[in-house]
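Colleague: Here is what each chain is made of, one letter per residue.
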Amino acid sequence: MPAPELEEDSVDLTPMIDVVFLLLIFFMVTMKIVQEETELIVPLPASSQSSEPPEFPPTNIEIEIKFGGVVIADGLPMSDGPDDRNLTKLSQHLLRNGQTVMNDPNAKVIINIRPEGLARHKYTMNVLNSLTTANKELEKMYEQRGTPKEERRLLTTIMFQ
Amino acid sequence: MAKGKMKKADIGGDDEPDLTPMIDVIFLLIIFFLIAGKMIQAGRPKIDVPIAAEAIKADKDARRIEFTVDSQGNLYFLESHIGDVSNPQPLTEKIEERRTLLGADASKLQVYLRVDSEATYGDVKRVMGACAKAKQQKILFAAYTTES
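Residue numbers (the working numbering), protein chains in the order written: chain A, 1 to 161; chain B, 1 to 148.
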């Protein structure tokens with residue numbers, strides 16, 4: 001004898017689950033779009049300039065940023081094209097100068113950044129990013145030497161032209 | 001096996017799976033994405049900030065003042081349009097105002113600049129000049145650490 005057909009008393013949850021899944025997918029996709037902003041610190045010349053003339057002439061590093069994103073430091077090309085965000089060559093160049101400062105207490109480095117007026121902000125940021133990379137490497141070296149934090153001399157004198 | 005089935009039927013269990021825990025979990029996930037995603041901050045000018053791998057997370061406790069410069073050279077204080085970079089005087093005034101309010105802590109003020117990656121250096125230079133005019137010693141440039 002076949003079983004009698006049972007009436008379904010419970011509510012059909014399928015449409016709700018459909019909607020909830022759609023909501024979930026929506027929020028997951030939205031979350032990808034919203035990216036958290038971070039920051040790069042730039043000391044302005046006013047803070048790093050001393051009114052007294054320096055006893056020993058500082059070393060000037062001239063960094064030019066061309067309109068198309070080409071970066072030249074002390075006359076040498078530093079970028080492998082406009083898409084080179086890391087500017088590894090520039091970091092190494094800066095690091096070498098940073099090491100000079102590290103080893104000679106009288107040495108001082110001033111970084112002059114000269115972007116062309118129409119050069120995009122992203123290219124300036126690439127240079128600042130590269131400078132931060134060099135400073136991080138210097139920090140590591142100071143750490144290895146056991147130099148106290150207050151005695152560490154990083155590349156922080158930046159002048160924008 | 002048959003015995004087991006009988007037992008289930010005896011308890012009065014349904015043959016269909018119970019969806020309640022799944023719905024609970026999905027609701028929890030939705031709440032999580034709502035809170036963690038923070039959504040898009042309403043009114044904040046939409047710009048495409050540059051990518052800098054070395055950029056660090058913002059210090060939430062810092063005293064900061066936020067400006068935005070878009071690719072057209074428009075200048076915003078938080079979400080309100082205050083002019084364009086050719087006349088950055090309102091920016092100087094806002095910083096000076098905040099520095100006065102902070103009094104002794106004025107040196108701790110951070111200027112957070114959200115500049116579009118396509119904005120020109122000429123525009124950024126004007127803004128930096130306006131910050132320096134307000135005796136601001138440090139500025140922070142907004143960046144993404146990775147490509148979205």
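Do not rely on the hints blindly, as some may be mistaken.
As the list claims (entries may be wrong) - Chain A regions said to be covered by chain B (calculated; three or more residues, Cβ under 8 Å): (1) 68–80; (2) 107–117; (3) 129–143.
Said to hold, decoys possible - DSS-like cross-link-like pairs, simulated, lysine-lysine; straight-line CA separation at most 25 Å: (4) B:Lys108 to A:Lys149; (5) A:Lys140 to B:Lys57; (6) B:Lys57 to A:Lys149; (7) B:Lys46 to B:Lys60; (8) A:Lys66 to A:Lys89; (9) B:Lys46 to A:Lys136; (10) A:Lys136 to B:Lys138; (11) A:Lys136 to B:Lys57; (12) B:Lys94 to B:Lys60; (13) B:Lys125 to A:Lys66; (14) B:Lys108 to B:Lys133; (15) A:Lys108 to A:Lys136; (16) B:Lys108 to B:Lys125.
Hints are computed from structural coordinates only; laboratory data are not their basis. Bear in mind that the values here come from a model prediction, so they are computed numbers and not experimental data. The C-beta atom is built at its ideal place from N, Cα and C for all residues, glycine as well.
Colleague: Please go over all the hints and tell whether each is borne out by the structure.
Modeller: Quick rundown of the hints versus the structure:
1. With 0 residues having a beta carbon nearer than 8 Å to a beta carbon of chain B, the stretch 68–80 of chain A misses the requirement of three or more and the stated coverage is violated.
2. With 3 residues having a beta carbon nearer than 8 Å to a beta carbon of chain B, the stretch 107–117 of chain A meets the requirement of three or more and the stated coverage holds.
3. Figure legend: the stretch 129–143 of chain A, annotated as covered by chain B; annotation consistent (4 residues with Cβ-Cβ distances under 8 Å, at least 3 required).
4. Between Lys108 of chain B and Lys149 of chain A the alpha-carbon distance is near 20 Å, which keeps this suggested pair within the 25 Å criterion.
5. Proposed proximity of Lys140 of chain A and Lys57 of chain B is supported: the alpha carbons are some 20 Å apart, at most 25 Å.
6. Distance hint between Lys57 of chain B and Lys149 of chain A is fulfilled; the C-alpha atoms sit about 21 Å from each other, no more than 25 Å.
7. Restraint check for Lys46 of chain B and Lys60 of chain B: the C-alpha separation of about 21 Å stays at or below 25 Å, so the hint holds.
8. The suggested pairing of Lys66 of chain A with Lys89 of chain A holds, with an alpha-carbon distance near 16 Å, which does not exceed 25 Å.
9. Pair hint Lys46 of chain B plus Lys136 of chain A does not hold up; C-alpha atoms about 31 Å apart against a cutoff of 25 Å.
10. Distance hint between Lys136 of chain A and Lys138 of chain B is fulfilled; the C-alpha atoms sit about 19 Å from each other, no more than 25 Å.
11. Under the criterion of a C-alpha separation no larger than 25 Å, the hint pairing Lys136 of chain A with Lys57 of chain B is consistent with the structure, at around 16 Å.
12. Distance check on the hinted pair: Lys94 of chain B and Lys60 of chain B sit about 20 Å apart at the alpha-carbon level, within 25 Å; holds.
13. Distance restraint check for Lys125 of chain B and Lys66 of chain A: the Cα-Cα separation of roughly 15 Å lies within the 25 Å cut-off, and the hinted pair is therefore satisfied.
14. Restraint check: the Cα-Cα separation between Lys108 of chain B and Lys133 of chain B comes to about 17 Å, which is no more than 25 Å; the hinted pair holds.
15. Between Lys108 of chain A and Lys136 of chain A the CA atoms are separated by roughly 18 Å; this keeps the pair inside 25 Å, and the hint holds.
16. Restraint check for Lys108 of chain B and Lys125 of chain B: satisfied, since their Cα atoms lie roughly 22 Å apart, inside the 25 Å limit.
Of the hints listed earlier, those the structure fails to meet are numbers 1 and 9, in rising order.
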